[in-house]
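Residue numbers (the working numbering), protein chains in the order written: chain A, 1 to 325; chain B, 1 to 646.
Don't take each hint at face value.
[Said to hold, decoys possible] For lysine-lysine, the following BS3-like pairs were computed, each having C-alpha atoms within a straight-line distance of at most 25 angstroms:
hint, chain 1, residue 1, chain 2, residue 2
1, B, K562, B, K53
2, A, K71, B, K448
3, B, K53, B, K39
4, A, K257, A, K298
5, A, K290, B, K2
6, B, K562, A, K74
7, B, K86, A, K301
8, A, K257, A, K162
Since the hints were made in silico from the structure, they are not lab data.
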Amino acid sequence: MRRLKPFFTFGLLMAVFMLSGCSDMIVLDPKGPVGAEQRDLIMYSIWFMLFILLVVYALTAFIVYKYRDRKNHKGYDPDNEGSHLLETIWWIIPIIIVIALSIPTVKSIYSLEGPPEESKDQKPLVIHATSVNWKWVFSYPEQDIETVNYLHIPEDRPVLFKLTSADSMASFWVPQLGGQKYAMAGMETELYLQADEQGTYEGRNSNFTGEGFTNHTFDVMAMSDAEFEKWASETKAHAPELSKGQYDKLMLPGHVKEMTFSSTHLDWVDHATNAEYALDARERLGYEEKIPHSRAAKEEKKKREEEMKKLEESESESHGDSHAH
Amino acid sequence: MKWDEFFVTGDPMIYGADVSIVLTMVGILFYLTKYNKWKWLWDEWLTTVDHKKLGIMYIVSAVLMLFRGGVDALLMRTQLAVPEAKFLDSQHYNEIFTTHGTIMIIFMAMPFLIGLINVVVPLQIGARDVAYPYLNAVSFWTFFIGAMLFNISFVIGGSPSAGWTSYMPLASNELSPGPGQNYYLLGLQIAGIGTLLTGINFLVTILKMRAPGMTLFRMPMFTWSSLVTMVIIIFAFPILTVALALMTFDRLFGSHFFTLQGAGMDMLWANLFWLWGHPEVYIVILPAFGMFSEIISTFSRKTLFGYKAMIWSMLLIAGYSFLVWVHHFFTMGSGALVNSVFSITTMAIGIPTGVKIFNWLFTMYRGKIQFTTPMLWSLGFIVNFVIGGVTGVMLAMAAADYQYHNTYFLVSHFHYVLIAGTVFACFAGLIYWYPKMFGYKLNERIGKWVFWVFTIGFNVCFFPQYFLGLDGMPRRVYTYSEESGWGPLNMVSTIGGFMMGIAFLILVYNMYYSFRYAKRETTGDAWDGRTLEWSTPTAMPPFYNFAKIPEVTGLDHFWRQKQAGKVEKLKAEDIKPIHMPSNSGVPFIMASFFFVAGFGMVFDWMWMAIAGIIGVFGTLFYRSFEYDDGYYVSVEEVIETEKISK
Numbered sequence: 001m002r003r004l005k006p007f008f009t010f011g012l013l014m015a016v017f018m019l020s021g022c023s024d025m026i027v028l029d030p031k032g033p034v035g036a037e038q039r040d041l042i043m044y045s046i047w048f049m050l051f052i053l054l055v056v057y058a059l060t061a062f063i064v065y066k067y068r069d070r071k072n073h074k075g076y077d078p079d080n081e082g083s084h085l086l087e088t089i090w091w092i093i094p095i096i097i098v099i100a101l102s103i104p105t106v107k108s109i110y111s112l113e114g115p116p117e118e119s120k121d122q123k124p125l126v127i128h129a130t131s132v133n134w135k136w137v138f139s140y141p142e143q144d145i146e147t148v149n150y151l152h153i154p155e156d157r158p159v160l161f162k163l164t165s166a167d168s169m170a171s172f173w174v175p176q177l178g179g180q181k182y183a184m185a186g187m188e189t190e191l192y193l194q195a196d197e198q199g200t201y202e203g204r205n206s207n208f209t210g211e212g213f214t215n216h217t218f219d220v221m222a223m224s225d226a227e228f229e230k231w232a233s234e235t236k237a238h239a240p241e242l243s244k245g246q247y248d249k250l251m252l253p254g255h256v257k258e259m260t261f262s263s264t265h266l267d268w269v270d271h272a273t274n275a276e277y278a279l280d281a282r283e284r285l286g287y288e289e290k291i292p293h294s295r296a297a298k299e300e301k302k303k304r305e306e307e308m309k310k311l312e313e314s315e316s317e318s319h320g321d322s323h324a325h
Numbered sequence: 001m002k003w004d005e006f007f008v009t010g011d012p013m014i015y016g017a018d019v020s021i022v023l024t025m026v027g028i029l030f031y032l033t034k035y036n037k038w039k040w041l042w043d044e045w046l047t048t049v050d051h052k053k054l055g056i057m058y059i060v061s062a063v064l065m066l067f068r069g070g071v072d073a074l075l076m077r078t079q080l081a082v083p084e085a086k087f088l089d090s091q092h093y094n095e096i097f098t099t100h101g102t103i104m105i106i107f108m109a110m111p112f113l114i115g116l117i118n119v120v121v122p123l124q125i126g127a128r129d130v131a132y133p134y135l136n137a138v139s140f141w142t143f144f145i146g147a148m149l150f151n152i153s154f155v156i157g158g159s160p161s162a163g164w165t166s167y168m169p170l171a172s173n174e175l176s177p178g179p180g181q182n183y184y185l186l187g188l189q190i191a192g193i194g195t196l197l198t199g200i201n202f203l204v205t206i207l208k209m210r211a212p213g214m215t216l217f218r219m220p221m222f223t224w225s226s227l228v229t230m231v232i233i234i235f236a237f238p239i240l241t242v243a244l245a246l247m248t249f250d251r252l253f254g255s256h257f258f259t260l261q262g263a264g265m266d267m268l269w270a271n272l273f274w275l276w277g278h279p280e281v282y283i284v285i286l287p288a289f290g291m292f293s294e295i296i297s298t299f300s301r302k303t304l305f306g307y308k309a310m311i312w313s314m315l316l317i318a319g320y321s322f323l324v325w326v327h328h329f330f331t332m333g334s335g336a337l338v339n340s341v342f343s344i345t346t347m348a349i350g351i352p353t354g355v356k357i358f359n360w361l362f363t364m365y366r367g368k369i370q371f372t373t374p375m376l377w378s379l380g381f382i383v384n385f386v387i388g389g390v391t392g393v394m395l396a397m398a399a400a401d402y403q404y405h406n407t408y409f410l411v412s413h414f415h416y417v418l419i420a421g422t423v424f425a426c427f428a429g430l431i432y433w434y435p436k437m438f439g440y441k442l443n444e445r446i447g448k449w450v451f452w453v454f455t456i457g458f459n460v461c462f463f464p465q466y467f468l469g470l471d472g473m474p475r476r477v478y479t480y481s482e483e484s485g486w487g488p489l490n491m492v493s494t495i496g497g498f499m500m501g502i503a504f505l506i507l508v509y510n511m512y513y514s515f516r517y518a519k520r521e522t523t524g525d526a527w528d529g530r531t532l533e534w535s536t537p538t539a540m541p542p543f544y545n546f547a548k549i550p551e552v553t554g555l556d557h558f559w560r561q562k563q564a565g566k567v568e569k570l571k572a573e574d575i576k577p578i579h580m581p582s583n584s585g586v587p588f589i590m591a592s593f594f595f596v597a598g599f600g601m602v603f604d605w606m607w608m609a610i611a612g613i614i615g616v617f618g619t620l621f622y623r624s625f626e627y628d629d630g631y632y633v634s635v636e637e638v639i640e641t642e643k644i645s646k
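When you get a sec, could you build the whole thing from the sequences and use the hints?
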């Protein structure tokens, strides 16, 4: 036991040190009902886990200390090989814990499939989120506008995200608003989120998608309903239309800055039903992925970056500097 | 294919690796030639079918792979130590985490455990070898060649970079062209053949070759855990074989099982992968459980608590292991019912695991605990594994998992179970059975240093990662911004990682130190053990293991004999000629042809692939017409061996 003591002390110190920063951790600091429900479930489970750790550690410390080999050793019983009572106890207690964890888990799983309870009577805002290596395209079908790498949403209103991908399997995640869901080519998944506070939240793809994965991020700006409506109508009036040629260039792997358009790509393609579109677009532009460490790959990358720059210029020229956000 | 595509160029670290590989090769060739060791190498090792030697070769390969995977880990930790570091670029980082994961699971954890199973299980059940010794050699050499094929990727052709899970369509030709991903497919496929054969081999060995009197419920717990593991292998590995073959068709022959085009289904790959991948987790943890059972019982000087409950809980875990794979992708949108069912089955796995923890604790209860290094690792296992266990239950709660998924919370969880479970067990088992393999113990004093430095480093490295995960740090990012605030905890984590690296070096030094200075064991019973492997008169059993097959009367037979003062002495009239299998070079040659075939397929050079495959079939054909029924060891030779060793 003497030998184990520094180890336990160290663990305890570390736990205290880390837990003191708890409230700063973004998953535990949600800004909407979905994230809040998940935070509550996480905290509920953490108490159980701390209890289990406490029991196991206390028992370990007691047994190891009491029955260490020493002079005047007492209570040695080499044939002590089981006890029905004890074994029944430690079959039953974990079963009870699992039941206690299962009930709120299943409840939450079901409730997270729909819009949050508090705003059930509101009509959700629908946004199509499409991942394409390594950018996010957001289409607002009702407002008939499209943004790249940023989102505007009204506060206190549920948002229904329809997720899909043009190529790699991605995962749409805004930690402070709630948990993630996969976006997959040829598939559509749905995710409800809602912001209860105005502000800018970081969103990202959390599922590995290759070279540009680390910067596969976007910003979410939650604002008042009125501000949102104003932004949407101004965008519709002033932003340039998205052309097929521009959209093809978006399909090339790479990063672009934030962009805004007054029409959506849903007019001609929905990646949820057409998984091959991005590959076809790349072929039209004469692009082919190369072996990563080869010289050809470096040249290809340079060419892609130039294309991206041209795309960015074509978007900002047509609506000057009137980025509405 | 151009030269700049064949060789990986442009990175000084890669050139350094090239040079060190060439120097090591030259050094080995020089040593073998100068000291005339070629014949020794061929006769004693390359052609051996002895389970103990194959086991040692498995373990040596696994330690080498632990070094390789560990270097990968430290490169990653160096890159992540500070925000916006420029040590590795994105592509290089992606290759390194892909090879780190694949090597640690497939080429380190599994062979380490299979190596220990090879050395120990036949001895524990009182057998002279495994059921199919020739097949055992095929298993080892296909594993070894698969590992080598995978490992050369970083200097020739480029390493895979789609993650060890290789999710489609990212791993397809369209998004990850070139040999990299092919190395993954072929390396795993070839090594997988070996694992499947091991599964069949040891299943038959344990069921059919136990000493008289050893009923199933008298088997040592490590043998039980090996038996259950083999059953899981036999059911799980064919899934991997098929999945890898389908992806190979997609990449080499233009089929569309998982691709973007032709209505391929990327979700199918994820399902197949984890249908194998989750049982795989139990393949690497159950033998660990078995070892801890042996070690805790031995050094508490007490019989295992709840022997039958230990077995039933293990069988339950094995069954459950096939019913939980969806928890690896709760976020795929399978719907509330599916996620609820898999949430509950996953949490339910915690029940038998919890039972095992309490049974280990109560094995020590009323015992006489000796703090030897294997026991320290076992105690460290209980304390640390529980953290991995409870966070596993947290991850099982699907609604909460939407927030943990793909973050460092998950990374920390699986390192807490795989390191505190599997790696601690590998170290504990290695130290515990070291005298059985080499005839002397590893130094205990240095061993305790290894334990403390490693265990503290492990916690310093991985405990902060839970908090990084809750702070939204995704796994597999190659860098992060200053503003994210993840810098300090990442620095702490990196320091812990290097502590583990130092502990590994001390362990290797301990092997050298003990080789030079350790007292040689004079009996076969180095730790006052309980099971049959300790009953051999010499420290290292002779190649036929037992001159006379023991007759078993109960659990912990050897221990009870010692307690009753009735250990049988071997008499000359008891000895009969011993039937043993002959050595064979065919498995090694067959595996070499596998290498040729694999390398050809990696580079899409079909002439080479076909030549290799013809070679493989040639060796199969040769073996089919080889009438070798082994040989008999004469009574005189046995008597001489046993007397010399007395």
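Hints the structure violates: just list their numbers, smallest first. 1
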